[in-house]
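Trainee: Listed below, chain by chain, are the residues.
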Amino acid sequence: MSKTSRSLVTMPSQAKQGDIIDIKVIVQHDMESGFRRDEQGSIIPRDILRGFLCTYNGTEVFRADLHPGTGANPMIVFSTVATETGTFEFTWTGDNDYLAKTTSQLTVT
Amino acid sequence: MNTRRRFIGMSLSVGLLPLTRTHASEEEAQLAVEKIVGKAFVKSNRVKLDIPPLVENGNLVPMTVAVDSPMTANDFVKAIHIVAEGNPLPNIISFYLRARSGRATVQSRIRLSNSQRVLAIAEMSDGSFHQGFANTLVTLSACTEV
Chain C
4 MSKTSRSLVT MPSQAKQGDI IDIKVIVQHD MESGFRRDEQ GSIIPRDILR
54 GFLCTYNGTE VFRADLHPGT GANPMIVFST VATETGTFEF TWTGDNDYLA
104 KTTSQLTVT
Chain Z
-19 MNTRRRFIGM SLSVGLLPLT RTHASEEEAQ LAVEKIVGKA FVKSNRVKLD
31 IPPLVENGNL VPMTVAVDSP MTANDFVKAI HIVAEGNPLP NIISFYLRAR
81 SGRATVQSRI RLSNSQRVLA IAEMSDGSFH QGFANTLVTL SACTEV
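Chains as they are written, first to last, in our numbering: chain C, 4 to 112; chain Z, -19 to 126.
Since the hints were made in silico from the structure, they are not lab data.
Think of the CB as a built atom: it goes at the ideal place given N, C-alpha and C, for glycine as much as any other residue.
It is possible that part of the hints are untrue.
[To be verified] Below, a list of computed lysine-lysine pairs in the DSS-like style, where the Cα atoms sit at most 25 Å apart:
id: 1; chain 1: Z; residue 1: K23; chain 2: C; residue 2: K104
id: 2; chain 1: C; residue 1: K27; chain 2: Z; residue 2: K23
id: 3; chain 1: Z; residue 1: K23; chain 2: Z; residue 2: K58
[To be verified] In silico negatives: residues of chain Z with every beta carbon more than 12 Å from chain C:
id: 4; residue: G18
id: 5; residue: F21
id: 6; residue: M51
id: 7; residue: Q111
[As the list claims (entries may be wrong)] Stretch-level coverage of chain C by chain Z, calculated; a stretch enters the list once three of its residues show a Cβ under 8 Å from a Cβ in chain Z:
id: 8; region: 62 to 75
id: 9; region: 80 to 94
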């Protein structure tokens, strides 16, 4: 089952060179904190996303470390300067070998 | 004492027992901050942390952090750490920025287990640290409910 479809990116497809563009990323994940208990009273094991990485034509432009204090279905809005036409790659990593990748194209004029 | 009173007394005392720990001790939060800043002096004028002052549900709290920085190659924000003093684990989320981020503003959504003070600590490219904080009132706690 592909997990790629579970993450979404909202960003402009075109920008002028030097513009600051806003990128909004959201990923579907429960972020099970490891503090909750089930009906039997036993602790539900922790299962969270640990990291997010955004690369722009292969160069890292933004990174985040996530902890159990991050809300379910993590959302991050950040910005970067449009320098050249190219590909953004967004990677989410987490417990139980979670990996979700999305790419997005930006045309710079 | 009649049985009813004794029962009420007992149930009250049980209710007061800490069943699970839902918040970090102040030292733990202090330790988490120390891990980030080390021995550096933390200034507090360039970071603005926006969290609603009254939060109905601590499970998903919108948060905006903005650092006053020109974001040039010589002077930019390297990292922003969000620390909640009253959460079971004080670290919430850390962002790592570059000069080419253009703007030192990040939005996200966090969990808060209690009414508390939330800290945002920014690490600048010159190695200095700045912090800002926001006080919130949480009516429904994350971690224990739902």
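Trainee: For each hint, tell me whether it holds in the structure or not.
Mentor: Hints, verified against the model:
1. For the given pair, K23(Z) sits about 38 Å from K104(C) by alpha-carbon distance, which is inconsistent with the 25 Å threshold.
2. A hinted pair counts as satisfied when its Cα atoms are at most 25 Å apart, and K27(C) with K23(Z) does not qualify at roughly 30 Å.
3. Taking the CA atoms of K23(Z) and K58(Z), the gap is about 16 Å. The hint holds against a cut of 25 Å.
4. The non-interface label for G18(Z) is consistent with chain C: the shortest C-beta to C-beta separation is roughly 17 Å, beyond 12 Å.
5. Chain C leaves F21(Z) outside its interface by the beta-carbon criterion, the shortest separation being 24 Å against a cut-off of 12 Å.
6. A Cβ of chain C approaches the Cβ of M51(Z) within 12 Å, the least distance being about 9 Å, so the stated non-interface status is violated.
7. Taking the minimum C-beta to C-beta distance to chain C, about 17 Å, the non-interface status of Q111(Z) holds against the 12 Å cut.
8. Counting residues of the region 62 to 75 of chain C whose beta-carbon sits less than 8 Å from any beta-carbon of chain Z gives 13, enough to reach three: the coverage restraint holds.
9. Residues of the region 80 to 94 of chain C lying with their CB closer than 8 Å to a CB of chain Z number 6, which satisfies the three-residue condition for coverage.
The structure does not agree with the numbered hints 1, 2 and 6 stated previously, though it agrees with the rest.
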